[in-house]
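Visitor: Based on the provided sequences and hints, a complete structural model is requested.
Going down the list, the protein sequences come from chains A and B.
Counting in this note's numbering, the first sequence runs from 1 upward without gaps.
Counting in this note's numbering, the second sequence runs from 1001 upward without gaps.
FYI, nobody ran anything at the bench for these hints, they're computed from the structure.
Each hint should be verified, as a subset may be incorrect.
Sample of chain B residues at the chain A side, in silico, Cβ under 7 Å [to be verified]:
1. PRO1065
2. GLN1068
3. GLU1078
4. ASP1080
5. LEU1085
6. TRP1096
7. TRP1101
Residues of chain A placed beyond 12 Å of chain B at every Cβ, according to the derived structure [claimed, not checked]:
8. SER124
9. HIS130
10. VAL170
Predicted model, so just to flag it, every value in this text is computed and none were measured.
Cβ atoms here follow ideal geometry from the backbone N, Cα and C, with glycine treated the same way.
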Amino acid sequence: MGLAAVFDWIAPLGDYAFMRRALVATLALSLGSAPLGCLLVLRRMSLVGDAMAHAVLPGAAAGFLLAGLSLPAMSLGGFVAALLVAAAAGFVTRATPQREDASFAAFYLIALALGVLMVSSRGSSVDLMHLLFGSVLAVDEVALLQMAAVSSVTLAVLAVAYRPLVLDSVDPGFLRSVGGRGGWAHGLLLVLLVANLVSAFQAMGTLMAVGLMMLPAAAARFWAASLPGLFGVATGIGALAGVIGLLLSYHAELPSGPAIVLVCGAAYLLSVLVGPRDGVLLRRRAALRHRTG
Amino acid sequence: MSAAAFALHDLTVSYRGHPAVHHLSGEFRRGALTAIVGPNGAGKSTLLAALGGQRPDHGGRIEGPAPQRVAYLPQAAELDRSFPLTVHELAAMGLWRALGWWRGLSTDQRRRVDDALAAVGLSGFGGRLIGELSAGQLQRALFARLLLQDAEVILLDEPFNALDAGTTADLLALLPRWRSEGRTVIAVLHDLTQVHAHFDEVLVLARERVAWGPTAEVLRAESMFRARQQAEAWDAQAPWCDARSAA
Chain A
1 MGLAAVFDWI
11 APLGDYAFMR
21 RALVATLALS
31 LGSAPLGCLL
41 VLRRMSLVGD
51 AMAHAVLPGA
61 AAGFLLAGLS
71 LPAMSLGGFV
81 AALLVAAAAG
91 FVTRATPQRE
101 DASFAAFYLI
111 ALALGVLMVS
121 SRGSSVDLMH
131 LLFGSVLAVD
141 EVALLQMAAV
151 SSVTLAVLAV
161 AYRPLVLDSV
171 DPGFLRSVGG
181 RGGWAHGLLL
191 VLLVANLVSA
201 FQAMGTLMAV
211 GLMMLPAAAA
221 RFWAASLPGL
231 FGVATGIGAL
241 AGVIGLLLSY
251 HAELPSGPAI
261 VLVCGAAYLL
271 SVLVGPRDGV
281 LLRRRAALRH
291 RTG
Chain B
1001 MSAAAFALHD
1011 LTVSYRGHPA
1021 VHHLSGEFRR
1031 GALTAIVGPN
1041 GAGKSTLLAA
1051 LGGQRPDHGG
1061 RIEGPAPQRV
1071 AYLPQAAELD
1081 RSFPLTVHEL
1091 AAMGLWRALG
1101 WWRGLSTDQR
1111 RRVDDALAAV
1121 GLSGFGGRLI
1131 GELSAGQLQR
1141 ALFARLLLQD
1151 AEVILLDEPF
1161 NALDAGTTAD
1171 LLALLPRWRS
1181 EGRTVIAVLH
1191 DLTQVHAHFD
1201 EVLVLARERV
1211 AWGPTAEVLR
1221 AESMFRARQQ
1231 AEAWDAQAPW
1241 CDARSAA
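Guide: Take a look at the structure:
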């Protein structure tokens, strides 16, 4: 493929207003969600992201039923619903011996079923597909502003709370013993997580939004050792996957959300195989060299 | 300034709903190295956690320094070793009170971190990730963090457990240095040879005070024998004592 062909392939990003908006949207999303995803992965909260993505649905559906396809109404509803699920799961974890993973699973499944029921009672299956998988090519100004705002706030909050967040993640007992109150770190990450999922759900859909957050973060671990390194690699993978996924979706007429997440997935699989830090192939080669040497 | 680093008045601390330390009164002498010994289940770790401010719902009274002047190294630290943090960063956590949320390390503080790492035999390890350390090296790094906390009282819960002889000797060597700096050290230990060789005072605990005083006097076979007997008489269904209502 010549250089001209490459330019032809990426040209739609500049040629069409909807592609320009979609490009900015995916870049904004990956800027905010990549570092957040890294912290969640390190704190073993990867599946909490998935649970929250499902928990958004009944709230978004309620917003849809009450106000139609209004982004602010659906976002607000989704935000509240997900936080309610998190609060309920947290309450059961504290009040009973049940572990957090089980209580989160219980509440998000209830929320998911409730959401599907609400949408199907009034809307068509097209509406449901829209909620579940989004449409990055239909992002309007309001959605774009919302994503940029959430992304900026996320980065600002992570920057301000960086040190206590890291300390609480590494050694919560130490933070308590020196008088730092770290109990809020878990809650803060949950709120940021939900805000990012909600801001992404028009573009990616509730189920796909978590993919752009978790896959680059999970992949970064095979390339970088330090926390800033992980942030950088994850953001890079997310942004690149966003651009490639968008173009694939444009040229092959695929739904954009799954296309972007699948490119993230390809980056993840590639990292598992050839990543310089603990990648499968590298380990194999090292083992072989050891055996013959 | 009182001669006691901690004064306990009729202290009762429970662990998982059962009182683990009963009606304990006495004083930890300021500037001394005190060892807490006793059989398993004697409430040693529970007492140390209470001194470290980690068991706020106790009965009786603890008189001691403000929590920020106390450094506490628990036995099973909640440390996540897979987190991508360097040894230098781990030790620098000891400066948390000086740094807070945002301040960066000054050149002087950076040098103090390096000095602390050198003091525990980890020169040149600053850039390593904590996940790459052996158990002994990690404990050395945690001692460097203690050094930097610059605390009046240092609480250690079985600090030399599962460490090799070399590491134990290196870390034990820090104790006289702390004493010469006027700090108080209270350590839960089970190796009586260590206690004999390095500690000024001993508290023999078996849920209650069995003996408390200068090491040579206390560490006689008799009090250890009594401690063992009391711990073996432990009753898991023991009723609540009225420490809380009496307090």
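Visitor: Which hints from the list above does the structure break, by number from lowest to highest?
Guide: 1 and 10
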